[in-house]
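Protein chains: 2
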Amino acid sequence: MNTAYSKLWLDYKPLNIAFAGSLAVRCTRRVRRGCTAVSELITALSALLPQAELTFGADSAVFIIELDLADYLSPEEYTISADERGAAVYGGSENGLLYGVFAYIREIIANGGFTRLSRRVRPAVPLRMLDHWDNADGSIERGYSGSSFFFKDGELLVGDRTVQYARLLASVGINAAAINNVNVRGKAVRLITGEYIPKLAALAEVFSKYGIKLFLSVDFSAPMSVGGLPSADPLDPAVGGWWRAKAAELFGAISGLGGFLVKADSEGQPGPYAYGRDHADGANMLARALKPYGGTVIWRAFVYNCSQDWRDTHTDRARAGYDTFAPLDGRFDDNVILQIKNGPMDFQVREPVHPLFGVMKHTGIAAEFQLAQEYTGQQLHVCCLIPMIKEILAFRTYNGSPDDTVLGAVRAIAAVSNTGDSFCWTGSELAAANLYGFGRLCFEPSLNAEDILEEWISLTFGDDEEVKEKLLYILLGSHKAYEDYTVPLGMGWMCKPNHHYGPDPWGYEFDRWGTYNRADREAVGIDRSGRGTGYSELYYPPLCDIYSSPASCPDELLLFFCRVPYSFTLKSGKTVIQHIYDSHFEGYEQACEFASLWESLKDKLPAEVFDNVKKRFAEQLRCAKEWRDIVNAFFHRLSGIEDEQHRKLY
Amino acid sequence: MNTAYSKLWLDYKPLNIAFAGSLAVRCTRRVRRGCTAVSELITALSALLPQAELTFGADSAVFIIELDLADYLSPEEYTISADERGAAVYGGSENGLLYGVFAYIREIIANGGFTRLSRRVRPAVPLRMLDHWDNADGSIERGYSGSSFFFKDGELLVGDRTVQYARLLASVGINAAAINNVNVRGKAVRLITGEYIPKLAALAEVFSKYGIKLFLSVDFSAPMSVGGLPSADPLDPAVGGWWRAKAAELFGAISGLGGFLVKADSEGQPGPYAYGRDHADGANMLARALKPYGGTVIWRAFVYNCSQDWRDTHTDRARAGYDTFAPLDGRFDDNVILQIKNGPMDFQVREPVHPLFGVMKHTGIAAEFQLAQEYTGQQLHVCCLIPMIKEILAFRTYNGSPDDTVLGAVRAIAAVSNTGDSFCWTGSELAAANLYGFGRLCFEPSLNAEDILEEWISLTFGDDEEVKEKLLYILLGSHKAYEDYTVPLGMGWMCKPNHHYGPDPWGYEFDRWGTYNRADREAVGIDRSGRGTGYSELYYPPLCDIYSSPASCPDELLLFFCRVPYSFTLKSGKTVIQHIYDSHFEGYEQACEFASLWESLKDKLPAEVFDNVKKRFAEQLRCAKEWRDIVNAFFHRLSGIEDEQHRKLY
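Note that the protein sequences, when read in sequence, are chains A and B. With our numbering, the residue at position 364 of the first sequence is 364, and numbering never jumps. Add 650 to a position in the second sequence, counting from 1, and you land on the number used in our numbering.
Next comes chain A alone, as it looks inside the complex (with noise of 0.2 Å):
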């Protein structure tokens, strides 16, 4: 593990302002002087006014800083009230006031100073959480960013670098992380037995500082692998035994947990369906063990046959999360939170957003994204995913609640981690914005993209208005451009098997996974209508009208839901094949302006910053030129016709 890292958003520089005098932090009794809360202010005012005299309560201060609790807010719910003079802060816990100093601390970076302000805040969701998919031996599924901080060679890591995770979580308002891989294998599957419990314990009290509830990736069959048992049924009352022993065990001795994290019956992991059982029987057994402790079941909505023989037209897997678990809303006990990807399939460019939104009224369900870019560049192509995240938070199921957004319907929002040891953190420099940026939209959805964007580009890269219009600008259409010179039209999937690095438009097409273009020389795409697979039908109206028909389905899903011939006009006015031709060239045209953009900043960053993005920029070009001419040859080659522009085609 390497331990040198950087303090990304949280690097406080001296203020350029005139500050004499003393600066008082004055703590009600209901603040303990030792809290988080006040020590991040305490580090954060050293750094940022390093003239100050730092003093506790002294009445002849020149600026005062009140911390309270106050009752009549939520446990992690915070006001400010502060002019140039003075401040208060109060949180509803020790938790809150910690959010409401980090907001502070951001608010007078971003000002440069002291300034007027009146804000109530509480967070939009009671859950946000980090995925990390850390195996115990040190590595991480789909990590982009180094081995993992957690572990190495089978043990847990807490130390230094622990400490500054957790700072960087809070200082965004994330308050859960499960720190182990879902795909629980090797010594994982032993994280929950008493040799761990020690670490566990001192990783949760670090957590628990900064207001982070620990969850661990279990293993479903572990009352098998772990406890001896001959079955991990879950309703057998052995198996239920088991786990209500284990989390006596585990509850009791590490302060600070949260739950579990299940993928069951998944890509080869174990689960309830061994048994002739169903999802809710597996995760209603998991959550009555957790629940005279408080604790949580995320149970993985993410089901499906991958089996599936590619000459069978008729079962769609953008149908399996609905179809197993649709008919079991309802049925979930109230500590069980089921994870639902954004997308019907898994964290492509572009999907529709996962129709189990709308229809699981009765069940706490999360919305999940992913952060380690696994399709989107693996950290070394820039593609922000805020604005991506924002928008599918702001969804409309059309489901007839109140407010029938995701948002509304979720009780937690939690993402694939795209952490690790590397020094900054992310891989890429500029993969913290989706770090910092998924915090920030969890906590305050209502905030919009650019505006979070500016923030995090101010905090790590400070006041140049060069620096921030231009990063700005790279960083909002990093998505576009990357969607542009990859996979056209929400079709997903070509890109190369297994490591889903670079294009391989046909890489998925003949395989198990049910992951299909069904290209040919006329056509292109899937009829997921009531004509076809039937799952536009999924959706509420008017969304499954929408979807169902080429002429009302929005350009960019039109090959999700569609099965077209090249020569369709689109809403835009382009043939589907000129859109596929002009997309590709302006992608990497795009990709190219934005690492021109960045070569400009060569001056203005530091050099190790700069370095580290610019030979991700000399990748990403490489690549995205290769993902351009390949999907263009593979669809000049297919349909035959030629660019209207007469650029080279292969």
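Keep in mind that the hints were calculated from the coordinates and are not lab data. All figures in this text were calculated on a predicted structure; none of them were measured in a lab. Treat the hints with care, since some could be wrong.
[As the list claims (entries may be wrong)] Calculated pairs, EDC-like style, for lysine to aspartate or glutamate (alpha carbon to alpha carbon, straight line, at most 20 Å):
1) B:Lys1275 x A:Glu589
2) B:Lys1298 x A:Asp520
3) A:Lys648 x B:Asp962
4) A:Lys496 x B:Glu1276
5) B:Lys1298 x A:Glu522
6) B:Lys1275 x A:Asp511
[Said to hold, decoys possible] Chain A residues, not near chain B, derived (Cβ > 12 Å throughout):
7) Ala110
8) Val125
9) Leu447
10) Ser552
Glycine included, every Cβ here is placed at the ideal spot set by N, Cα and C.
Model the placement of chain B on the given structure of chain A, informed by the hints.
Same frame as chain A, now just chain B:
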């Protein structure tokens, strides 16, 4: 390493004949009683005639076998003169005698007893070699038969299995083996250092008893990686000196060392190009170091640009071997053997014969085949390569030599071994036919494939006529069936990248390996005539003319040499597209027939043998169906042409 192994074709069973009295082995003074020929004869006779009393030279014996050396025979030559009352086996050396003994044993078994026989045989080429791609860690590159029996965890293994291996090789006339991978990595780099010498000497001693020379694959940059020199420049005197000292050390300590095998400037291996030298410079420098000890440098001609831009239609990988080595003809020292793969690409199921076989008239050359079924079903599919190897050896280059065949041109024949530590040595029980047949064919290329295979079947499975007939049908038809259901008309490279198993028609199309089919909706194949890449012009007339035109090019190589529309009519009378459909359906049906023939032999074969192949046939059929349907779907979607027989296409 698995220490259990079968005896393969050396598993002698008692003959079903009446034999009473004593059987004498009479050795002349020139034949040591302890030599391998004698001990192998005793071993065989004891097993074949357990009731016989074996003696050395009793005049009263019922049957006398006389062993002698004869000066008029070349060292590896032998004669057998036998009738029902006695036999004389003479060798030009103990090695020749050993080959004679094994041949005589074969004849006894084939005839079910002593028989009248007069034979004088000498091997067609002096060097008959297996190249093992075993790594020092015990893995085998492109190994489909388990782990290495030469290496485990960096240690060299010498034991019972080594002896049995040497027996198997000698029994079919193989007289050289390179024991480690030509990609010399990890601890294998140190194989030429003192730490391995004792074990190498022990191994070479075992080999020597069976007339086998030990070869080592060496790292061309060993002067740096092992010797600590700043360079491996072949023209640097310090480098030459290092290799001379190294040769003195190795040949001084290892009796029976044959020399080095080198993969240089190929797929990332180091070589003379790094110093602006050519392959003659590199090979000769090593050859001169080995010369004092009679050592040989085997230098691979597998050199090509493996970072090609798929957009580049001018560069042709097929030309690379010729373009690199033809200009060097005449420049190699006489103890260099240039090892040329059978075709210009890489062991595809069908390739033209390598043009270097015709042109390297002043260079010692070897033909290299691949028994390891990398591209031919990985020992899960039955694919007997013996008829193909025979066909290639008999191929006429028309280079003006009195014997203008490949066989006439070569000084050595080598094959990448298909062995490993699986119980039956070759993963599949049926793949042993390739090991057996390769040796027999190298020794006596005038034998026809059918006779060799029949020999192997009787020695392995006994004399049941039904077994013999059905297995022969399977083996002789297996290569065509595999070719039929996989890659049509000589095109190559429609397998999945990296592991090379199963179909992926465009898996190699947009990559850096120089392996393209350029299929589009109108046409398929590469024009390699003078109008195209010019590759066909590398052959002597009339081949260059035959290959340069679709009208004259043999069907089975059409898409290798020519680009034609799907509607082009083959010599068979079928269109290209209909041929593709038909051959794929027929190849699959043929595989099904093989599987059911095997099934019908259940009661006539040992259960382990039957099960070993039965489970492989299940996989072969599964995979053949994928090949059939995916390749047909690929061309159907591109061409839009329906199957005349209206079979289901996807």
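Now the hints, each set against the structure:
1. B:Lys1275 x A:Glu589: Violated, because 43 Å separates the two Cα atoms, which is more than 20 Å.
2. B:Lys1298 x A:Asp520: With a Cα-Cα distance of about 16 Å, the restraint between Lys1298 of chain B and Asp520 of chain A holds, given a limit of 20 Å.
3. A:Lys648 x B:Asp962: holds, 13 Å
4. A:Lys496 x B:Glu1276: Measuring from Cα to Cα gives roughly 19 Å; hence the hint holds.
5. B:Lys1298 x A:Glu522: holds, 18 Å
6. B:Lys1275 x A:Asp511: holds, 13 Å
7. Ala110: holds, 47 Å
8. Val125: holds, 43 Å
9. Leu447: holds, 42 Å
10. Ser552: Per Cβ check, Ser552 of chain A is outside 12 Å of chain B; nearest 28 Å; holds.
Checked against the numbered hints given earlier, this structure breaks only hint 1.
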